[in-house]
Amino acid sequence: MSLEDLYREVILDHYRSPRNKGHLESPDTVAQGVNPLCGDEITVELGFDGDRVAEVAVDGQGCSISQSSASMMTEAIKGKTRADIEALTQRFRDMMSLDGEVDIALDPERPGAVLGDLEALQGVRKYPVRIKCASLGWNVLLEALGNEQTSNKH
Amino acid sequence: MIDLSHLKADFPVLANGVHFLDSGASSQKPIPVLEAMDRFARTSYANVHRGAYKLSVASTDAYEAARARVARFIGASDPREVIFTRGTTTSLNTVAFGWGLEHLGPGDRILATEIEHHANLVPWQMVAKRTGATLDHVPMTDEFRLDLHAYEQKLGPEVRVVAVTGMSNVLGIMPPIRTISDLAHRHGARVVVDAAQLVPHSPVDVDELGADFVAFSSHKMLGPTGIGVLWGRMDALEETEPFEGGGEMISDVTLFEATWADIPHRFEAGTPPIVEAVGLHAAIDYLDSIGMDDVLQHDRELTGVALERLSDVPGLQIQGPTDLEDRGGVISMTMDGVHAHDLATILDDEDVAVRAGHHCAKPLMRRLGVAATARASFYVYSTEEDIDALVKALRRAGDLFGVGS
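In order, the protein sequences belong to chains Z and P. This note's numbering numbers the first residue of the first sequence as 66 and each following residue consecutively. This note's numbering numbers the first residue of the second sequence as 118 and each following residue consecutively.
Worth flagging that the hints you see were computed from the coordinates, not collected in a lab.
Derived pair list, reagent style BS3-like, types lysine-lysine, alpha-carbon separation capped at 27 Å:
1. Lys479/P / Lys86/Z
2. Lys145/Z / Lys86/Z
3. Lys479/P / Lys197/Z
4. Lys145/Z / Lys197/Z
Just some of the chain P residues that point at chain Z, by a computed CB distance under 10 Å:
5. His456
6. Thr462
7. Asp465
8. Ala473
Where a beta carbon is used, it is the ideal one built from N, C-alpha and C, also for glycine.
Input sequences plus hints: build the corresponding full structure.
See the structure below:
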């Protein structure tokens, strides 16, 4: 695994031009997360249409891995149901998991490559200290979903 | 240039070719330090200040010899002014809580600086909250120096303590502690110096420094982790209460109260880091065999070489002064379009070890307008080859991220 496998062009592209960056006008739920060790910050805002995420915005600052992962995440979850997103998050976590075989081929076009661009992030597994960076946005996303659930109960 | 390249062979960790540029976080240990601790643990170890048996006496002698060695190293006339702690952070907390809780109250002011490490800032925030004292900060100039003019204006009779770094772990600057101390003393304020970076990298004479408390760590000066020093002027220590209670620090104890042992033992509750004190002793011997003037000069010359070679790396910004005056071997860097953590990962791929992050100085990061920096820091075993490797790796990072293209 070389450095070029970590910093794939698609990652650098999302880092330089993050998708869905900024804020929603009236989000249904917001969550914020910080990695206190490195100072990376990510805010996730979601807008729902029934059970589906209709709108998503991410704001924050940090390294290419945390910011590109969050950017790719926004593209992956838009239009998805809560159950879809939870499955996707699990898939992403499996990909980042240190044990476990690499069962996801590097080709994002192959059948079953549900993570799309995100699969480019699997190089991160070889740099264990950076897994936290890649996971930050997803942890905040789950928190945002949790917040929404809580507020729906009222 | 001072050539210390022969020293590299004394540091086993460096044998695998790593370009270790993170001595500001913690230094490597030379063989004489490792051997001294090993020998002591094998032959002379027992708890100190207790047993009547020969082994304990030998151990106590070694521990107290380390105290005397530290005193001589920093020019302290009285070894009792040297207190062994767990490290700089504990030393500074001992002052903040042991001295601060006793002498601060509403209306009093604590004067820290914008460039402090969290260790000389957060304890004062805690003590300010508990005592009702207010906390103020000396700003940094746009030239990355402490603003001494602002400092003078902020001084006043209500300022009871000045907390300042002896050498910034981010900027590398060495504030003029003598001047700062003299001005503070004119207003009756105590001066606490975070010397975690200063003592390992520069000759220090506590009398010349003029401060009341000086804190530093063994692990940043070729010694082991787990031990540090709080030096306090005797009259300042006399007005400091113990911060921790327990064994070893008492004179007499009843069920309801206790009286304190003499200084310094009243500040050393519990079993102290004994093997580590022996290691620190050996580290000081090692540093003195080089000579602290040469240690400083070597750091500074390498810093000069590095600043020059870094100056034409595309997109690279130095977060700190680029002149060598009153400056140690710490260089913080940012690269346009490349986050510090990505820099550190790419540098690591070239076996260049640097620290990336906020360096426990988040207020300073905000002042600099950056989230994080990558920091290269030098020590006696650093060489020009390490700098060349750093420059090469930084260029690779720039290429990978398309900086300047």
